[in-house]
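J.: From first to last, the protein sequence lines stand for chains F and Y. If you read the first sequence in this note's numbering, its first letter stands for residue 93, the second for the next number, and so on. If you read the second sequence in this note's numbering, its first letter stands for residue 8, the second for the next number, and so on.
Since the hints were derived computationally from the structure, they do not count as laboratory data. There's no promise every hint is true.
Sample of chain Y residues with no beta-carbon within 10 angstroms of chain F, all distances over it, derived [said to hold, decoys possible]: (1) Ser38; (2) Arg79; (3) Ser87; (4) Lys111.
Computed from the model, here is a short list of chain F residues facing chain Y with C-beta under 7 angstroms [as the list claims (entries may be wrong)]: (5) Leu135; (6) Leu137; (7) Pro153; (8) Tyr156; (9) Arg160; (10) Ser192; (11) Phe197.
Quick caveat, the model's predicted, so the values are computed rather than measured. A virtual CB, placed ideally from N, CA and C, is assigned to each residue, including glycine.
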Amino acid sequence: NAGVTQTPKFHILKIGQSMTLQCTQDMNHNYMYWYRQDPGMGLKLIYYSVGAGITDKGEVPNGYNVSRSTTEDFPLRLELAAPSQTSVYFCASSLGTVRSQPQHFGDGTRLSIL
Amino acid sequence: AQKITQTQPGMFVQEKEAVTLDCTYDTSDQSYGLFWYKQPSSGEMIFLIYQGSYDEQNATEGRYSLNFQKARKSANLVISASQLGDSAMYFCAMREGRETSYDKVIFGPGTSLSVIP
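Please construct the entire structure, taking both the sequences and the accompanying hints into account.
T.: Structural data, given as structure tokens:
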């Protein structure tokens, strides 16, 4: 059981470039989330999804886009990358119908924008 | 406005002693859930304990317990008999649902705990 898988694990991007961070889960979880974690800080919610075709903004959505075409996948798109988007990105999933269920996290993607 | 406050950026505790990590939250929902996660230096997020807003008993999981004071909107994590492996960042998180949006989970800024031999 792989859980939540994020790719890539590391990436360096140039200012103005775009890229997609991939996230897939094999637990049939309906809820999926994207967070960013700046050094020494907590996790900030970027976007989340409660099921295929349904997404909503979190605390810091500017500069990002998401889509959810399947239950398993929840990619995060960075358009026109800026140095302020240098961070560690975590994808998480949970069984939304059971409110006490914790989130399962991926290992994170360390993204540097230079 | 910040919804979850963790006022202790860094804490030290002697091995084998107990430590309390503070968490206060702000929500207008009646139904919500509170989670604590541990993040060691390796970076992974590890779920520790959960407390529901309607739970009458304080949650406990092994050496972890949650001191839930609903009227004060606080959910402090108590770690008993600290071990060297408890040295990590600890995050308080809240799941809330509002009438105009779906449930989402937000995190506090975290507390760095260092266990001293």
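J.: Would you mind marking each hint as holding or not holding in the structure?
T.: Okay, the hints, checked on the actual structure:
no.	hint	verdict
1	Ser38	violated, 8 angstroms
2	Arg79	holds, 21 angstroms
3	Ser87	holds, 21 angstroms
4	Lys111	violated, 5 angstroms
5	Leu135	holds, 4 angstroms
6	Leu137	holds, 6 angstroms
7	Pro153	violated, 12 angstroms
8	Tyr156	violated, 15 angstroms
9	Arg160	violated, 12 angstroms
10	Ser192	holds, 5 angstroms
11	Phe197	holds, 4 angstroms
Going down the numbered hints, you'll see the structure goes against 1, 4, 7, 8, 9, while the others check out.
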